[in-house]
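Colleague: What follows is each chain in one-letter form.
Protein chains: 4
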Amino acid sequence: MEGVRMKILVRYAETDQMGIAHHSNYFVWFEAGRTELCRAWGMPYSLWEEQGLFLPLVSAQCRYKAPLHYDDEAELETALAELRSHSVTFRYRLLTPQGRLAAEATTEHAFVDRQGKLIRRGHPLIQRLEALARESCQV
Amino acid sequence: MEGVRMKILVRYAETDQMGIAHHSNYFVWFEAGRTELCRAWGMPYSLWEEQGLFLPLVSAQCRYKAPLHYDDEAELETALAELRSHSVTFRYRLLTPQGRLAAEATTEHAFVDRQGKLIRRGHPLIQRLEALARESCQV
Amino acid sequence: MEGVRMKILVRYAETDQMGIAHHSNYFVWFEAGRTELCRAWGMPYSLWEEQGLFLPLVSAQCRYKAPLHYDDEAELETALAELRSHSVTFRYRLLTPQGRLAAEATTEHAFVDRQGKLIRRGHPLIQRLEALARESCQV
Amino acid sequence: MEGVRMKILVRYAETDQMGIAHHSNYFVWFEAGRTELCRAWGMPYSLWEEQGLFLPLVSAQCRYKAPLHYDDEAELETALAELRSHSVTFRYRLLTPQGRLAAEATTEHAFVDRQGKLIRRGHPLIQRLEALARESCQV
Numbered sequence: 326m327e328g329v330r331m332k333i334l335v336r337y338a339e340t341d342q343m344g345i346a347h348h349s350n351y352f353v354w355f356e357a358g359r360t361e362l363c364r365a366w367g368m369p370y371s372l373w374e375e376q377g378l379f380l381p382l383v384s385a386q387c388r389y390k391a392p393l394h395y396d397d398e399a400e401l402e403t404a405l406a407e408l409r410s411h412s413v414t415f416r417y418r419l420l421t422p423q424g425r426l427a428a429e430a431t432t433e434h435a436f437v438d439r440q441g442k443l444i445r446r447g448h449p450l451i452q453r454l455e456a457l458a459r460e461s462c463q464v
Numbered sequence: 326m327e328g329v330r331m332k333i334l335v336r337y338a339e340t341d342q343m344g345i346a347h348h349s350n351y352f353v354w355f356e357a358g359r360t361e362l363c364r365a366w367g368m369p370y371s372l373w374e375e376q377g378l379f380l381p382l383v384s385a386q387c388r389y390k391a392p393l394h395y396d397d398e399a400e401l402e403t404a405l406a407e408l409r410s411h412s413v414t415f416r417y418r419l420l421t422p423q424g425r426l427a428a429e430a431t432t433e434h435a436f437v438d439r440q441g442k443l444i445r446r447g448h449p450l451i452q453r454l455e456a457l458a459r460e461s462c463q464v
Numbered sequence: 326m327e328g329v330r331m332k333i334l335v336r337y338a339e340t341d342q343m344g345i346a347h348h349s350n351y352f353v354w355f356e357a358g359r360t361e362l363c364r365a366w367g368m369p370y371s372l373w374e375e376q377g378l379f380l381p382l383v384s385a386q387c388r389y390k391a392p393l394h395y396d397d398e399a400e401l402e403t404a405l406a407e408l409r410s411h412s413v414t415f416r417y418r419l420l421t422p423q424g425r426l427a428a429e430a431t432t433e434h435a436f437v438d439r440q441g442k443l444i445r446r447g448h449p450l451i452q453r454l455e456a457l458a459r460e461s462c463q464v
Numbered sequence: 326m327e328g329v330r331m332k333i334l335v336r337y338a339e340t341d342q343m344g345i346a347h348h349s350n351y352f353v354w355f356e357a358g359r360t361e362l363c364r365a366w367g368m369p370y371s372l373w374e375e376q377g378l379f380l381p382l383v384s385a386q387c388r389y390k391a392p393l394h395y396d397d398e399a400e401l402e403t404a405l406a407e408l409r410s411h412s413v414t415f416r417y418r419l420l421t422p423q424g425r426l427a428a429e430a431t432t433e434h435a436f437v438d439r440q441g442k443l444i445r446r447g448h449p450l451i452q453r454l455e456a457l458a459r460e461s462c463q464v
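Residue numbers (our numbering), protein chains in the order written: chain L, 326 to 464; chain H, 326 to 464; chain V, 326 to 464; chain X, 326 to 464.
For reference, chain L alone in the conformation it holds in the complex (with noise of 0.2 Å):
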């Protein structure tokens, strides 16, 4: 399964007075890392709420293993870990500029419309997902 890559530029309003960067703010990047890889899919995350299929968190984890410092060119990678019938995983690596794990993560999202009902596979950007899932287990 392959995912994608972005720079993460840690800024100085992450920080916090331990002098490093603040462990909340990990969740906003690994949100931007699934912005880019919608997007590398052809279908970025604008559309899929046009197109009435939010997707909430179900679940968050992550294990911080070395700390980030404000300016650290950090590098994200960001992957499609599981499918399920009403949920979608996304798992994430977070390397420092020296290479180092500084953390690794996996989020569960809810497949939910705009009042934040449950929808199920019949929509068509989870099938489009589903199509993607497929590919990406047949390596």
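Certain hints may be false.
Which copy is meant is left open, because identical chains are indistinguishable; a pair holds if it fits in one copy or across any two.
Pairs of lysine to aspartate or glutamate residues, derived as EDC-like cross-links and limited to a Cα-Cα distance of at most 20 Å, are as follows [said to hold, decoys possible]:
id, residue 1, residue 2
1, LYS390, ASP438
2, LYS332, GLU361
3, LYS332, ASP396
4, LYS332, GLU429
5, LYS332, ASP397
6, LYS332, GLU400
Because the hints were derived from the structure by calculation, they are not lab data.
We have chain L; now place chains H, V and X onto it with these hints.
Modeller: Positioned in the frame of chain L, the structure of chains H, V and X alone reads:
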């Protein structure tokens, strides 16, 4: 003109590596102050949006006078400063736990509908604001 | 084991365009919960850092059960979950204003010094944590 | 006077329930702009702090002209606006993807040491700023 006062407890995530509360958070706190002011007026801001009146920012300015630190309990005073035909301005005073002036600020907000189109004074909630503005000027 | 409870009022800036509180903010709230727990223990977290003991995250996990909205007054319960030789784990339960479970989570924190080097149990504050952990297990 | 330009991609977490980028994030972006400007000058801001020169805010002001939305690629221009004996002012112009003015702003920063005490022009980095300011005025 009377404002409302509320406590703001500086969160760890709001600090930066300089060891003080990051300046961008002040605008988040001022917004919390507006929430309390609207509640004190008997017209919670969530109601404004339900009734199709949104208040995006037109301008913001803040003077930072003394830093705030993690776990400081600051006092925020929020008041109506000026009402114009299609905007409203709030003003803020933020005090350190020792009672020194930490910051003073104003924010000006347009009256717009859900699509971002300007609304003028006809809206019932704006009329209530006008009544509030008149009362506060009679002193 | 007894925890502490506190109110979390969802700020406007904490919402996203889905109209719910953004998932990254939950970790900021959990941190506010830890601040209250340490205060309830009589050892404010600012004191920990003054005494050279820092608690960066090792891992975090959260299950999101029900969304929170702007101006919702959620209730957050924070408790000590586990104490190990060089880390401590806290657990959190967040309730909606209607008393439904909004989220449950844990965060694990390393004991490190100002330079980020692991500290083991000798530190006086860690010894006080051990005493607290023993008390809470005697029930 | 020449500034630097950089792209700002609006993150999902930066939106609010009005469906636009929350105004507090603009100050985080302006700070990212200052980081790029200092880098372009050959004196990265992390170096400033290493050499004991910190730049907390004295004041900030922003005029919001057009909203930005999720995944918008805005262009940010950051430039030195004014250098005084113990403060420096930067100015910012932020453009929408369509090239319209989204916001213009200034921030003024004090020169202080690690303890927050004012530093005057003697510091080598401030002298380099003075040289930069002179150059930009000769045009």
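Colleague: Of all the hints numbered above, which does this structure not satisfy? Sort the numbers upward.
Modeller: none
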